[in-house]
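The hints should help you fit chain B onto chain A, whose structure is shown.
Residue numbers (my numbering), protein chains in the order written: chain A, 104 to 397; chain B, 599 to 923.
Hints listed in this document are in silico derivations from the structure and should not be mistaken for laboratory results.
Quick caveat, the model's predicted, so the values are computed rather than measured.
Every residue gets a Cβ at the ideal spot worked out from N, C-alpha and C, and that includes glycine.
Incorrect hints may appear among the rest.
Computed footprint of chain B on chain A; a stretch qualifies when at least three of its residues, placed anywhere within it, have a C-beta under 8 Å from a C-beta of chain B [said to hold, decoys possible]:
1. 205-211
2. 235-241
3. 373-379
Ranges of calculated distance between the beta carbons of each label pair, as one might list FRET restraints [to be verified]:
4. B:Thr736 / A:Pro308: 50 to 56 Å
5. A:Ile156 / B:Thr736: 33 to 39 Å
6. A:Ser133 / B:Trp775: 27 to 33 Å
7. B:Glu660 / A:Leu144: 56 to 62 Å
8. A:Trp257 / B:Phe611: 28 to 34 Å
9. B:Glu726 / A:Val293: 48 to 54 Å
10. A:Ser294 / B:Ser708: 30 to 36 Å
11. A:Ser133 / B:Phe679: 19 to 25 Å
12. A:Phe303 / B:Asn755: 55 to 61 Å
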Amino acid sequence: MSAGTEPSYGLTKKILRLTGRDPFALAGISIYVVFALTALLANVIAPHDPMEILFLPDGNVAMNQRPSPSYWLGTTSLGRDVFSQLVFGARSALMVGLSAALVVVVVGTLVGLFSGYFGGWVDNVLMRIGDIALSIPFLPFIIVLAAFVKPNVWNVVIGVSALLWPNTGRIVRSQVLSLRERSYVEAAKVSGASHLNILFTHIAPNVLPISFLYGSIVVGWAIFTEASISFLGFGPSDTVSWGFMLQDAFVSQALSRGAYYWFIPSGVCIMLMVSAGFFISRGYEELLFPKLRD
Amino acid sequence: MRFILTRLLHSLFVLWAVVTLMFLMFRLMPGDPMAAYISEALSEESKQSIRAQFGLDRSLPEQYLLYVYNLCRGELGTSFFIKEPVWDIVMAALPNTLTLTFIGLILAYSFGVVAGAYLAWKRGSLTEGIAIPIVLGTRAAPEFWVGMILLAIFAFNLGWFPSGGAASPGAMYDSEWQRLLSADFWHHLALPVLTLALYLQGLPLLLMRSTMLDALHEEYVTMARMKGLPTRRIVLNHAARNAMLPVATAFALSMGQLVGGNVVIETVFSWPGLGRILVQAVSSSDYPLAQGAFLLVSVALIAMNLLADLLYTLLDPRVSHERRH
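Bound-form chain A, shown alone (with noise of 0.2 Å):
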């Protein structure tokens, strides 16, 4: 098969030459590079356990600490070490933002290569699903879930994937309109090949870097999502998130108190996070939207 025919590999090509070149790209990547390292030496690089009460030398509890070298971010209104919260909250946010991600990514390239291949009543069928999952109010819904399951981090992947599949589908569904009708999937059919040999071999390759780059974005919005919903207090309760440290900030009256350096570190890191995403996509955007109107 001659290069021309296999557009995958001129995707890939182009993917790799444009993250050397464009800034954005760049930017979003280190991000997750240097997040992910955090997130897997979170024990090493942490000077405390994130939930443990601290003392001071003199006997009492170590809280509310002003940023020193000992607490390099100080110290919640309980006595924990607020930088070492920082570092673990990178693991609960990659964990949420990964997994939701590749619920998404799975799901939406599926429905489109389905949807878009098969056309008729499939096409049908999962578009108006599509729709209707558009139509639920995200953050809303995501807190009436929380209602009614124990609180813990899957119930923010599970509501993320369940209302974001549909944009990744549409996307792929439209790449796959386009691609069913090239030369080498008529080529496929005649040869005598069946729908699912044609749609995984042939047409999926060409697909999933898209979806993998859409999948970026929602990397950010899980963990936005995440940050939201344990902010409004419907977040597990032992596990260090960023948004955890928030809302513990916030009812504990860092705001009147004017500990800045309690809740300005977990949301720059939320902004970097989201960011990342936003970069990435946008430095592959004439990958992503050949053309932005359709």
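Showing chain B alone in chain A's frame:
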């Protein structure tokens, strides 16, 4: 005309689906399904009357029909904790949410449209290189966190604005309009609305910028250039006017999303709106109220989606929905 009718039917279908989903969610939850409507604290007599009203003693399909019938009549039940009809509670909160959303959107879109057009104009300059990452950053910052910073600075440190609520203690008004137009209300509105506008301005800005950039390459703009019209006039009269269409559509879509999406801002600023009611209802297991608030938020979203679609068709003659895939 046929398109409008199809689109309307589609919206009704989606609304039905959301209502049904909600019915299933609230009935299939763990524990006693009746807990969704009946508080343990009620007397045996009133428990019976609520059971009869919502048909909770009947089969699931019958319950479903009765549930839809009650919804159509605007009968949403009674709140467990506030002990008032859910309808009254959500309707009292609606003006606060709508004002916050609408003013926030107006501020964000006025700024976004102008700044977006300016950045399209400055394509490739240093200004653009600095501004774009900042704008993307404001879209990535959690609204509640921005709200917390504003609160810490302007309410707690400087004392310029109240730290929460929608009215000073003891404020009384003769009518709802008088309350919404009072200086006190706007003083309370300032910080939440600023937080919301900061978060929202990125979308219209980026949208305006990219559509302007596209429009500047369209044939009619080249044509105008060839006719020797001054660049400023071309940008304002031709490109900007056409770029407004997607921005107007985005406005309608955001309006729908925000009626429920303001949850976190309303919580940070203790703003007595729909989103805060939803949060309070869910955390106190006040199911009828949670269900009512969620329903209202969904209706707003679906209605604004419909409006955005109709707006797009109406304003852009190039869109032909008969041939759309």
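Notebook entry, point to check: Do three or more residues of the stretch 205-211 of chain A come closer than 8 Å to chain B, measuring C-beta to C-beta?
Noted result: Violated, because only 0 residues of the stretch 205-211 of chain A bring their Cβ atoms closer than 8 Å to Cβ atoms of chain B.
Checklist line | Claimed coverage, the stretch 235-241 of chain A by chain B - three or more beta carbons nearer than 8 Å | finding: Three-residue rule met by the stretch 235-241 of chain A, so holds; n is 5.
Check: Could one say that the CB atoms of glutamate 726 of chain B and valine 293 of chain A fall in the range 48 to 54 Å?
Finding: Because 50 Å falls inside the window, the suggested range holds.
Next item on the list: State, for the Cβ atoms of serine 133 of chain A and tryptophan 775 of chain B, whether the hinted interval 27 to 33 Å holds or is violated.
Entry: For tryptophan 775 of chain B against serine 133 of chain A, whose Cβ atoms are near 53 Å apart, the range 27 to 33 Å is violated.
Margin query: Looking only at beta-carbon atoms, does the pair isoleucine 156 of chain A, threonine 736 of chain B fall within the given range of 33 to 39 Å?
Written below: holds (36 Å)
Check: Taking the beta carbons of serine 133 of chain A and phenylalanine 679 of chain B, is their distance inside 19 to 25 Å?
Finding: This hint is violated: roughly 49 Å between Cβ atoms.
Next item on the list: Given the hint of 50 to 56 Å, check if threonine 736 of chain B and proline 308 of chain A actually sit that far apart at their C-beta atoms.
Entry: With a Cβ separation near 37 Å, threonine 736 of chain B and proline 308 of chain A fall outside 50 to 56 Å, so the hint is violated.
Next item on the list: Can you take a look at whether the stretch 373-379 of chain A is actually covered by chain B? Rule is 3+ residues, C-beta closer than 8 Å.
Entry: holds (count 6)
Check: Taking 30 to 36 Å as the hint, is the beta-carbon distance of serine 294 of chain A and serine 708 of chain B inside that range?
Finding: Given about 60 Å between the Cβ atoms, the range is violated.
Item checked: Whether the CB-CB distance between tryptophan 257 of chain A and phenylalanine 611 of chain B falls inside 28 to 34 Å -> holds (30 Å)
Next item on the list: Could you tell me whether the CB distance from glutamate 660 of chain B to leucine 144 of chain A stays inside 56 to 62 Å?
Entry: holds (59 Å)
Notebook entry, point to check: Honestly, do phenylalanine 303 of chain A and asparagine 755 of chain B meet the 55 to 61 Å range at C-beta?
Noted result: holds (59 Å)
Consistency note: the structure conflicts with the earlier hints numbered 1, 4, 6, 10 and 11.
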